[in-house]
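The whole structure should be built from the sequences, with the hints applied where relevant.
In order, the protein sequences belong to chains A and B. Mapping of the first sequence onto the numbering used here: residues 1 to 338, in sequence order. Mapping of the second sequence onto the numbering used here: residues 1 to 338, in sequence order.
Keep in mind that the hints are not guaranteed to be accurate.
Because identical chains cannot be distinguished in the list, a pair is counted as satisfied if it fits within a single copy or across any two copies.
Taking lysine to aspartate or glutamate pairs in the DMTMM-like style, the calculated list, with each CA pair at most 25 Å apart, reads [said to hold, decoys possible]:
1) Lys96 <-> Glu43
2) Lys4 <-> Glu54
3) Lys263 <-> Asp138
4) Lys82 <-> Glu187
5) Lys190 <-> Asp72
6) Lys239 <-> Glu189
7) Lys83 <-> Glu43
8) Lys190 <-> Glu242
9) Lys178 <-> Glu242
10) Lys327 <-> Glu98
11) Lys275 <-> Asp254
12) Lys239 <-> Glu326
13) Lys331 <-> Glu284
By construction, these hints were calculated from the structure, which means they are not laboratory data. From a predicted model like this one, the values you see are computed outputs, not experimental measurements.
2 protein chains.
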Amino acid sequence: MTDKVKVALDAMGGDNAPREIVKGAVEAVREDERIQVILIGKEALVQAELDRYEYDKERILVINADEVISNDEAPVMAIRQKKNSSIVVALNMVKKGEADAFVSAGSTGAILVGSQLVVGRIRGIERAPLAPLIPTMDGVSLLIDCGANVDARASHLVQFAKMGSLYMEHVIGIPEPKVAIVNIGAEEEKGNMLVKETYPLLKNCNEINFIGSIEARDIPYGKADVIVCEAFVGNVILKLYEGVAGVLVKQIKDGLMSTTVSKIGAALAKPALKKTLKALDASEYGGAPMLGLNGLVVKTHGSSNSTEVKNSIIQCALFKEQNINEKIKKKIILTDNE
Amino acid sequence: MTDKVKVALDAMGGDNAPREIVKGAVEAVREDERIQVILIGKEALVQAELDRYEYDKERILVINADEVISNDEAPVMAIRQKKNSSIVVALNMVKKGEADAFVSAGSTGAILVGSQLVVGRIRGIERAPLAPLIPTMDGVSLLIDCGANVDARASHLVQFAKMGSLYMEHVIGIPEPKVAIVNIGAEEEKGNMLVKETYPLLKNCNEINFIGSIEARDIPYGKADVIVCEAFVGNVILKLYEGVAGVLVKQIKDGLMSTTVSKIGAALAKPALKKTLKALDASEYGGAPMLGLNGLVVKTHGSSNSTEVKNSIIQCALFKEQNINEKIKKKIILTDNE
Numbered sequence: 001m002t003d004k005v006k007v008a009l010d011a012m013g014g015d016n017a018p019r020e021i022v023k024g025a026v027e028a029v030r031e032d033e034r035i036q037v038i039l040i041g042k043e044a045l046v047q048a049e050l051d052r053y054e055y056d057k058e059r060i061l062v063i064n065a066d067e068v069i070s071n072d073e074a075p076v077m078a079i080r081q082k083k084n085s086s087i088v089v090a091l092n093m094v095k096k097g098e099a100d101a102f103v104s105a106g107s108t109g110a111i112l113v114g115s116q117l118v119v120g121r122i123r124g125i126e127r128a129p130l131a132p133l134i135p136t137m138d139g140v141s142l143l144i145d146c147g148a149n150v151d152a153r154a155s156h157l158v159q160f161a162k163m164g165s166l167y168m169e170h171v172i173g174i175p176e177p178k179v180a181i182v183n184i185g186a187e188e189e190k191g192n193m194l195v196k197e198t199y200p201l202l203k204n205c206n207e208i209n210f211i212g213s214i215e216a217r218d219i220p221y222g223k224a225d226v227i228v229c230e231a232f233v234g235n236v237i238l239k240l241y242e243g244v245a246g247v248l249v250k251q252i253k254d255g256l257m258s259t260t261v262s263k264i265g266a267a268l269a270k271p272a273l274k275k276t277l278k279a280l281d282a283s284e285y286g287g288a289p290m291l292g293l294n295g296l297v298v299k300t301h302g303s304s305n306s307t308e309v310k311n312s313i314i315q316c317a318l319f320k321e322q323n324i325n326e327k328i329k330k331k332i333i334l335t336d337n338e
Numbered sequence: 001m002t003d004k005v006k007v008a009l010d011a012m013g014g015d016n017a018p019r020e021i022v023k024g025a026v027e028a029v030r031e032d033e034r035i036q037v038i039l040i041g042k043e044a045l046v047q048a049e050l051d052r053y054e055y056d057k058e059r060i061l062v063i064n065a066d067e068v069i070s071n072d073e074a075p076v077m078a079i080r081q082k083k084n085s086s087i088v089v090a091l092n093m094v095k096k097g098e099a100d101a102f103v104s105a106g107s108t109g110a111i112l113v114g115s116q117l118v119v120g121r122i123r124g125i126e127r128a129p130l131a132p133l134i135p136t137m138d139g140v141s142l143l144i145d146c147g148a149n150v151d152a153r154a155s156h157l158v159q160f161a162k163m164g165s166l167y168m169e170h171v172i173g174i175p176e177p178k179v180a181i182v183n184i185g186a187e188e189e190k191g192n193m194l195v196k197e198t199y200p201l202l203k204n205c206n207e208i209n210f211i212g213s214i215e216a217r218d219i220p221y222g223k224a225d226v227i228v229c230e231a232f233v234g235n236v237i238l239k240l241y242e243g244v245a246g247v248l249v250k251q252i253k254d255g256l257m258s259t260t261v262s263k264i265g266a267a268l269a270k271p272a273l274k275k276t277l278k279a280l281d282a283s284e285y286g287g288a289p290m291l292g293l294n295g296l297v298v299k300t301h302g303s304s305n306s307t308e309v310k311n312s313i314i315q316c317a318l319f320k321e322q323n324i325n326e327k328i329k330k331k332i333i334l335t336d337n338e
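In C-alpha cells, the structure reads:
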C-alpha cells in the first residue's frame, strides 16, 4: 500500500456530511487506483455510511475523531481546543506524513488556521494562499489568494504567482499558464500601492508567463490562467462571482416561469440550458488547494456533493505525482534566494 | 429661464455620440420641464443632429467646443492641454455657475481628473468619489467609491458613507438607506486594516443607518442600499459585475441556440427573458454621480443610448431640487468638525 497516495478526508465537514463525503470516497477509489482514502470522523456514523457500498477495505480506512468543528466557531479557538476534531486529527496525519493530503468541505476559517498552525508552511514560503478555481468561458482560472491573511506585501504576491503557475501547469495541465495581476486598468502605472510595487517584480520574473494587468471585467472571459491578488480582493471576487451568477440564474429561471408560453419555452430549452450552466461549474476540477504547506490541503465547497469530493481527492493524487511541493522548493525558494 | 436646472451635456462623449446624446437631450426637455440642456461639442455636427427633431430652442442650446478627449489619452495631460474640449469647456461652465451639472459618456479618467482640477471639491470634503448605481434583485444600490483615487483612508470612507446616504435618500428616494461596508466576513473583527479602522467610525455615526459589513456575495441580493468601499475594491466589484453578467447571459443565449428544440423554446421564452434582463439594468436610474464637488458631475456608460442620457439629465434636476450639496455642507462638514 505504500505506493498509494494517502488522502485524509474530513467525513464530518460540509452540508452533506457524512453521506456525500463517504460516497465521494468510494467513487474516488473506484475511479483512480493510485488512491487510498482515510475517512476521519465519528467512526460508527462513517462506517454505517460506508457499509452501504461494496468497497476495497484496504483502500478506504476509517479513523475515529469524536469532535466536530462547526462553521460558527472562532477558528483559532476551535483548532486549539478541539484536538480530537476531524480537522485537527487529519492535519496532524498530514504533518506526520501519515497522509499526503487532506480534503475537507468543513469550516474554511478552521482549515486555513489549522493548516498554518498544524501542518506549517514550506520553509521560505512567506504565506500559504488559498487558491480556488473559478469557471470562465474558456475553462477555469486559478484565483490566488482568497485566504484569510489580508494586507499582503509584494513579495507574497510574487510567491503566489509562482506557486499558482506551477499548479496550473502541472495539476490542471495548462502549458505556460498566463499570469496576470488584478488591477483597475491595463496600464503599468495604474493601481494601488501594492499593485504598483508588485507589477515590476512580476514583469522581471523569468519563471512565469506574466501578461500584465487584468481588469475584473475580463476575468470571466478567461483572459488569464493565474489571477494574482491580495486576499481581501480575492475574497470579493470569489464571492461576487457566486452572488452575481446566483442572482442572474434565479432571475432568468423566474423569467422563464413567468408566463404560460415562456414555461413551455423553458421546458423545451431546459436540457440545453442545463448543459450550459454545467459548463460554468468549476467543481469538476476539484476544490481549492492551499499552497505552500508541508503537504496539501484542499478546501471543497461547503455544499459539495460526492462528485466534487471525488474530484478533490483525485486532484491530490495528481499533486503528489507531479511533486508540486518539490517544484515549489526548487523553483521558488531557490530563485528567491539568488 | 433662470429657474431651470441647467445641464451641460458632452455631445462628443461615448460610443454613440453625438446621435444618441443629442436625442437624449431632446427627450429630457420633453419629459421634464425643469430642465435646460446646453450641448457642448462641434457645433455644426451637433446642430445637424438637433435639426432632426422639433425642440424648444430656448431649452436646448449649443456651445461650440472644437476638441475631443478620447478614451486613450492620458487624463491629466488631456485636461491640461485640450482647453477647448467638450469636457473642459463644460466643467468650466459648472465652475462659473453657468451650469448646475455636467453629464458625459466620455473618458472616465478625464472626467474624474477634470472634475477635481476644474470644478473642485466642496471645502471640507477630502475626496470626491464616483458612485455608480448597480442593479440588484430589489432595485439598485449605490457603490461608493469606484473612482480613480485608490488607497483611501478611514475618514474618506466615512464621508463616502454620509454622502452616499444623502444621495440614496433624496435623489433615489429610499428612506433611511441601509449603509454597509464591503468586508470578507460579517463579524466586526474581520477585514483588512482599512476596514477594521473604518467599521467603528461608521458604527458610531448617527447620521447614517449603518448595518455593518456586507460580503460581496450579498451585494446582488440588495442587502444594502449604500455599499461603502475603497476605490480599488469598488472598481473590481463594478467591473466583475459587468463581466460575470455579460458572460452568463452570452452562455445562456448560446445554450438556447444550441439545438433546434431549444431554439423553439428560446423563441417562446424570449419576451419573458427580455423583461427579466431589463430589470437588471441600472441605467433607467441614470449615470454615476461624482459627489462632493462644487456642482454635480454625472458619468454615464460609454455605451449610453438616448434613454440613459435622458435619465442622467433628469437625475441632475432632482439633485439640484433636493439641494444635495447644501445638505452635504450642513450634514457632513459641520458634523465632521464637531
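Verification of the hints:
no.: 1; hint: Lys96 <-> Glu43; verdict: within (21 Å within a copy, 78 Å between copies)
no.: 2; hint: Lys4 <-> Glu54; verdict: within (20 Å within a copy, 81 Å between copies)
no.: 3; hint: Lys263 <-> Asp138; verdict: between (30 Å within a copy, 23 Å between copies)
no.: 4; hint: Lys82 <-> Glu187; verdict: between (49 Å within a copy, 22 Å between copies)
no.: 5; hint: Lys190 <-> Asp72; verdict: between (39 Å within a copy, 14 Å between copies)
no.: 6; hint: Lys239 <-> Glu189; verdict: between (28 Å within a copy, 19 Å between copies)
no.: 7; hint: Lys83 <-> Glu43; verdict: within (16 Å within a copy, 77 Å between copies)
no.: 8; hint: Lys190 <-> Glu242; verdict: between (27 Å within a copy, 20 Å between copies)
no.: 9; hint: Lys178 <-> Glu242; verdict: both (23 Å within a copy, 22 Å between copies)
no.: 10; hint: Lys327 <-> Glu98; verdict: within (21 Å within a copy, 66 Å between copies)
no.: 11; hint: Lys275 <-> Asp254; verdict: both (19 Å within a copy, 11 Å between copies)
no.: 12; hint: Lys239 <-> Glu326; verdict: neither (32 Å within a copy, 38 Å between copies)
no.: 13; hint: Lys331 <-> Glu284; verdict: neither (28 Å within a copy, 53 Å between copies)
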